[in-house]
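There are 2 protein chains.
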Amino acid sequence: MEELYTQSARTGARLSPEERRSALINATLRCIIKEGHAGLSVRKVCQEAGVSAGLLTHHFTGKEELIIEAYRFLTKDIYSRINQSLAQVSEPSALKKLRLFIDVSFRRPVLDKDYLMVWLVFWGLSKQKPAIAVLRNEVNDTVISTLEKLMTATVSELSLEAVNVRLAATGLSALMDGLWLEWSLNSTNFSPDEAAKICQCWVDAFVANALQRLN
Amino acid sequence: MEELYTQSARTGARLSPEERRSALINATLRCIIKEGHAGLSVRKVCQEAGVSAGLLTHHFTGKEELIIEAYRFLTKDIYSRINQSLAQVSEPSALKKLRLFIDVSFRRPVLDKDYLMVWLVFWGLSKQKPAIAVLRNEVNDTVISTLEKLMTATVSELSLEAVNVRLAATGLSALMDGLWLEWSLNSTNFSPDEAAKICQCWVDAFVANALQRLN
DNA sequence: TAAGTTGTTATACAGTCGTACAATAAAAAG
DNA sequence: CTTTTTATTGTACGACTGTATAACAACTTA
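Quick note, the sequences are listed as chains A and B, same order. With the UniProt record's numbering applied, the first sequence covers 1 to 215. With the UniProt record's numbering applied, the second sequence covers 1 to 215.
Among the clues, some could well be false.
Same chains, same label: a pair holds when it works inside one copy or across any pair of copies.
No more than 25 Å apart at the CA atoms, straight line, and that leaves these computed lysine-lysine pairs for DSS-like [unchecked claim]:
1. K113 - K76
2. K63 - K127
3. K149 - K96
4. K149 - K76
5. K113 - K34
6. K34 - K129
7. K34 - K76
8. K76 - K63
9. K127 - K44
10. K97 - K149
11. K44 - K63
12. K34 - K63
13. K113 - K127
14. K97 - K76
Quick caveat, the hints were computed from the structure, so don't treat them as lab data. Remember, predicted model here, so these are calculated numbers, not experimental data.
Assemble the whole structure, with the sequences as input and the hints as a guide.
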């Protein structure tokens, strides 16, 4: 399995600001993966990037900006992984797209244990750093809206009974997050395939008009 | 709303080892609630407990033990909160017990935003400190087993079709965790009551034999 | 080649970190 | 009361924190 956020081959070389900023951001994520919140120190990140500690303030205003930029990169990275996986298949039916979205989410490279520490650390910072909380909420709203649209289209396609699709999508999102979290913390209780099946059951219930309580 | 883990009235007094250990553990949780992982320093915890920093090593072998004991206390505390809420009602039917468990979990004092930081910090430590991971897995298995028993009893009561109850319980647990997490991170998208309703839908689907995919 | 620009290093600074340890104060035991 | 025990304090230690800054080195432009 390919490692997340490997450092570029050239070390010690003089890089352009964009390249160096990117290298430091990747090193930040690698440090969090290795040591959690404890790995989030300027010296450790710079050493991981093969660079002197003082260089950080030359490319970032400080540690704060580095962290926020690392989070911004992470969200974009995962978002692109999901879209890349989805683009491999062209499914006209909204229902099939929905089911594909679930399956893709519980397979690499979207599913990866290394993400656990990263998300936990950033979520833990979101209370003290509002910028992170704002970013997280935006991404989350995007995901739920995506699910909601697919489910609304499914209602039309299959002529289902009216239901609060927003809450149904919220439930599916929470179910996926909960299973992802539990599997990341302890992968011995169920497999990714089983997790995907559990989520598909929520869709089954949705299609079978079994979520009428959400009204 | 009552605050979690308030310090006892007597400060500056000479306490028994058990009392002092308890006070330090409570101060630890309060520090995490206030500042997240950054609040988890010996000096901050001892100041929060109104005590000199050197006292910690007199009652604990070090920071490590304090953290693990704080986690142990936290799990017991929440477990007792759940049981206390459940004990208020005597429901003979397993299905009603199951539904009650859900409702109780999305009401105070089980549902409390202050728990978010605490869990995130401890989960973030679980990779580096195996003792925490072991404890978490034990508690999680207990919860899922509780759900599984209630659901198995429901199958008998209602003569439902055979289904993989373990996976159905895993799904319910994940759904509850995911909704708890999302609500704790951003409580503007849905209410605790709606979260409970979403979970009850999973039970509805279970009762309606809509989870047959789990076989 | 010379001058100017800028990516990079190394050092210094004032804090904070966890913890060991001697001094102190208060309770318990005699 | 005196003696013993022990909860508590204050300090000291080396290591680490984030960042500012001067010196250095590499690239660009003239």
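Now the hints, each set against the structure:
1. In this assembly of identical chains, K113 and K76 lie within 25 Å of each other by CA distance solely inside one copy; the values are 18 Å within and 28 Å between copies.
2. Within a single copy, K63 and K127 get their C-alpha atoms as close as 17 Å, and across copies as close as 24 Å, so both meet the 25 Å cut-off.
3. In this homomeric assembly, K149 and K96 come within 25 Å of each other (Cα to Cα) only inside a single copy, at 13 Å, whereas the closest approach across copies is 34 Å.
4. In this assembly of identical chains, K149 and K76 lie within 25 Å of each other by CA distance solely inside one copy; the values are 21 Å within and 42 Å between copies.
5. In this assembly of identical chains, K113 and K34 lie within 25 Å of each other by CA distance solely inside one copy; the values are 12 Å within and 28 Å between copies.
6. In this assembly of identical chains, K34 and K129 lie within 25 Å of each other by CA distance both inside one copy and across copies; the values are 22 Å within and 13 Å between.
7. In the homo-oligomer, the alpha carbons of K34 and K76 lie at most 25 Å apart inside one protomer (21 Å), although the nearest pairing across protomers, at 30 Å, exceeds that limit.
8. Taking the shortest Cα distances, K76 and K63 sit within 25 Å of each other inside one copy (20 Å), while across copies they are farther apart (37 Å).
9. For a Cα distance limit of 25 Å, the shortest separation of K127 from K44 qualifies both inside one copy, at 24 Å, and across copies, at 18 Å.
10. For the identical chains of this complex, K97 and K149 are intra-copy neighbours only, at 11 Å inside a copy versus 35 Å across copies, given an alpha-carbon limit of 25 Å.
11. Both within a single protomer and between protomers do K44 and K63 lie at most 25 Å apart by alpha-carbon distance, with minima of 12 Å and 22 Å respectively.
12. For a Cα distance limit of 25 Å, the shortest separation of K34 from K63 qualifies both inside one copy, at 18 Å, and across copies, at 21 Å.
13. For a Cα distance limit of 25 Å, the shortest separation of K113 from K127 qualifies both inside one copy, at 24 Å, and across copies, at 11 Å.
14. For the homomeric pair K97 and K76, the shortest alpha-carbon distance inside one copy (21 Å) is at most 25 Å, but the shortest distance between copies (43 Å) is not.
Going through the hint list in order, the structure satisfies each hint without exception.
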